[in-house]
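**Q** Spelled out from the first residue to the last, the chains are:
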Amino acid sequence: MPEVKIFERPKCMTDVSTHYCPGCTHGIVHRLVAEAIDEFGIQEKTVGVAPVGCAVLMYNYINTDMYEAAHGRAPAVATGCKRVRPDLTVFTYQGDGDLASIGVAEIVHAANRGENITVIFINNAIYGMTGGQMAPTTLLKQKTTTCPYGRDPKVNGYPIRIAEMLATLEAPGYIARVTVARPKYVIKAKEAIKKAFQTQIEEKGFSLVEVLSTCPTNWGMRPAEALKWLEENMIPYYPLGEFKLPD
Amino acid sequence: MSNRVLMKGNEAFAEAAVQAGCKYFFGYPITPQNEIPEYMSKRLPEVGGVYLQAESEVAGINMIFGAAGTGFRTLISSSSPGISLMSEGISYIAAAELPCVIINVMRGGPGLGGILPAQSDYFQATKGGGHGDYRLLVLAPGSLQEATEFIMMAFDLTEFYRNPVMILTDGFMGQMMEAVEFKKVKLGYDIPDVKEWAVGYMAERGKRTLLKSLSLDPEVLEQHNQKLQKKYRLMEEKEVRFESANVDDAEIVIAAYGTTARIAKSAVKKLRDQGIKAGIIRPQSLYPFPYKPFSELPESVKHVLVVEMSCGQMVEDVELGVSRKVPVSFYGRCGGMAPSVEEIEQAAKKALG
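Protein sequences appear in the order of chains A and B.
Just so we're aligned, residue 4 is where the first sequence starts under the numbering used here, counting upward by one.
Just so we're aligned, residue 207 is where the second sequence starts under the numbering used here, counting upward by one.
Derived by calculation from the structure, the hints in this document are not laboratory data.
Do not rely on the hints blindly, as some may be mistaken.
Stated by the list, open to error - Using 27 Å as the maximum straight-line C-alpha spacing, the simulated DSSO-like pairs for lysine-lysine come out as follows:
(1) K392/B / K476/B
(2) K413/B / K8/A
(3) K413/B / K48/A
(4) K471/B / K214/B
(5) K207/A / K248/B
(6) K413/B / K14/A
(7) K14/A / K401/B
(8) K531/B / K498/B
(9) K508/B / K433/B
(10) K418/B / K48/A
(11) K231/A / K48/A
(12) K556/B / K483/B
(13) K437/B / K508/B
(14) K483/B / K437/B
(15) K48/A / K401/B
(16) K413/B / K197/A
(17) K14/A / K418/B
Turn these sequences into a full structure, and let the hints guide you.
**A** Encoded structure:
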């Protein structure tokens, strides 16, 4: 009988343990990105841009050419690369502090130019790497180390819905929000990430997939509780779905 | 037959870059450098290049980070406040050892300052600007002809050292017109193949490339800094450039760069006409700074006068070079004001007592 492999590490993921906390969903999303790159067969022609945040070390796990950008600037770095080398597939992978706070100008204008890049946006409603401070996507009443009494809209405004906001622009090709809180969602997330890369490969412009994610460590929850909290609290405020499809 | 053309400074800077093979420019409007992005937006499509207007100087320099990572020649320009905004990105580019050329057409500061010429970004250009132990190779042209040559040379230098090169000039040079001839300037340095480090060549290289500045391990970060410092020492050995005139028998030496050196040259001539033995040293590279002509001044020199369109910045490097062997004094105008020939003449006479 020939050996049949039914499950293996994606070719473009390195064979190392990640630094992510137990129950963190970065690992799942990394894998989905790696699977998509493998399935399109574009590992050697793909360039990733890592953010500042927990995924800053993403280049240790995804084995493609990679930049590590300044905080929030990944869409600008990706723009520079893609404009010179339109033959390469260029993606950024950014958290909510990176993309929705310090990097708002870069993401809005990259989307508005219809920059032919793919953005994977991890929304876990908190700053992970720096130890659990309030993010622009932190939910109302959610407690963090810098809103210890819970997020108050009178002080800090409301959580930003990035996918919906960017979908108001003319230029973007594909915008979706998914989660990886359960296997059924993971399958949908994989489809969305593939569609995003497909949009870029077909030169249909800017694509972004927002992924609702967990941060058990900074949420102060066990991994299973965190998944449940995400489903019960984040999905009602951040509805899943596709907000923009290529023509 | 001469190929000299009369051009505005900013346009000549841009054309020099195009003739050096630069096809990628990411810019943001700011006075007094606007003719550079304007020229590039028209010119680059003609050579199959890309002009892109960034949403800010912050985004622009990070687009340069991305574009420079492909190994192709890239240029960005701005003026003082815009360079401040780019300083974070410049630090990242220097740390990641990527090549790019940056033109600063200086205007008066601090803050929003004004839009008229100044030389008050000397410290920013030569001593840092952004965070961390990095250096830019800084060239300060004294004429539009020299600017075109320095810009062409800058692309070779930035690729050889894999370190950003800054052309430090000012609103006078950007806005004035002069005859220029675009001569191919080649340093003849052995520049490594970009495929060794740039993105997009994973198949040819057999492994991926990482363009980054993060090093969480302090020993690794220290080693990286030592590697960068080695490059800076090599620059100090090979890239010192200056011009001097009438120094051999001088009793007073005027030190000035860029626009100010042009005015100072006229002052030197007028002083000589009056029998005062004046000379001039004009640094062309500001980093690495030409300390040697100041540490090896002839015995005849009694005084060094530094003239800048600032409140006194390069004067600190001149003092380091002179090492208290003779007095160093400073004359400067700032905020968009320029020293006149007569003012420099008077300052020189005052210095000699």
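**Q** Each hint should be assessed against the structure and marked as holding or not.
**A** A quick look at each hint next to the structure:
1. K392/B / K476/B: Violated. K392/B to K476/B sits at ~37 Å, over the 27 Å cutoff.
2. K413/B / K8/A: holds, 26 Å
3. K413/B / K48/A: holds, 12 Å
4. K471/B / K214/B: holds, 22 Å
5. K207/A / K248/B: The given pair, whose Cα atoms are some 26 Å apart, holds under the 27 Å limit.
6. K413/B / K14/A: holds, 13 Å
7. K14/A / K401/B: Distance ~23 Å between K14/A and K401/B Cα, so the pair holds.
8. K531/B / K498/B: holds, 13 Å
9. K508/B / K433/B: violated, 41 Å
10. K418/B / K48/A: Given that 27 Å is the threshold and the Cα spacing comes to 19 Å, the pair holds.
11. K231/A / K48/A: violated, 38 Å
12. K556/B / K483/B: With a Cα-Cα distance of about 14 Å, the restraint between K556/B and K483/B holds, given a limit of 27 Å.
13. K437/B / K508/B: Not OK: K437/B and K508/B at ~36 Å, beyond 27 Å, violated.
14. K483/B / K437/B: violated, 39 Å
15. K48/A / K401/B: Roughly 13 Å separates the two Cα atoms, so the pair holds.
16. K413/B / K197/A: holds, 24 Å
17. K14/A / K418/B: Given pair K14/A, K418/B holds - Cα atoms ~23 Å apart, limit 27 Å.
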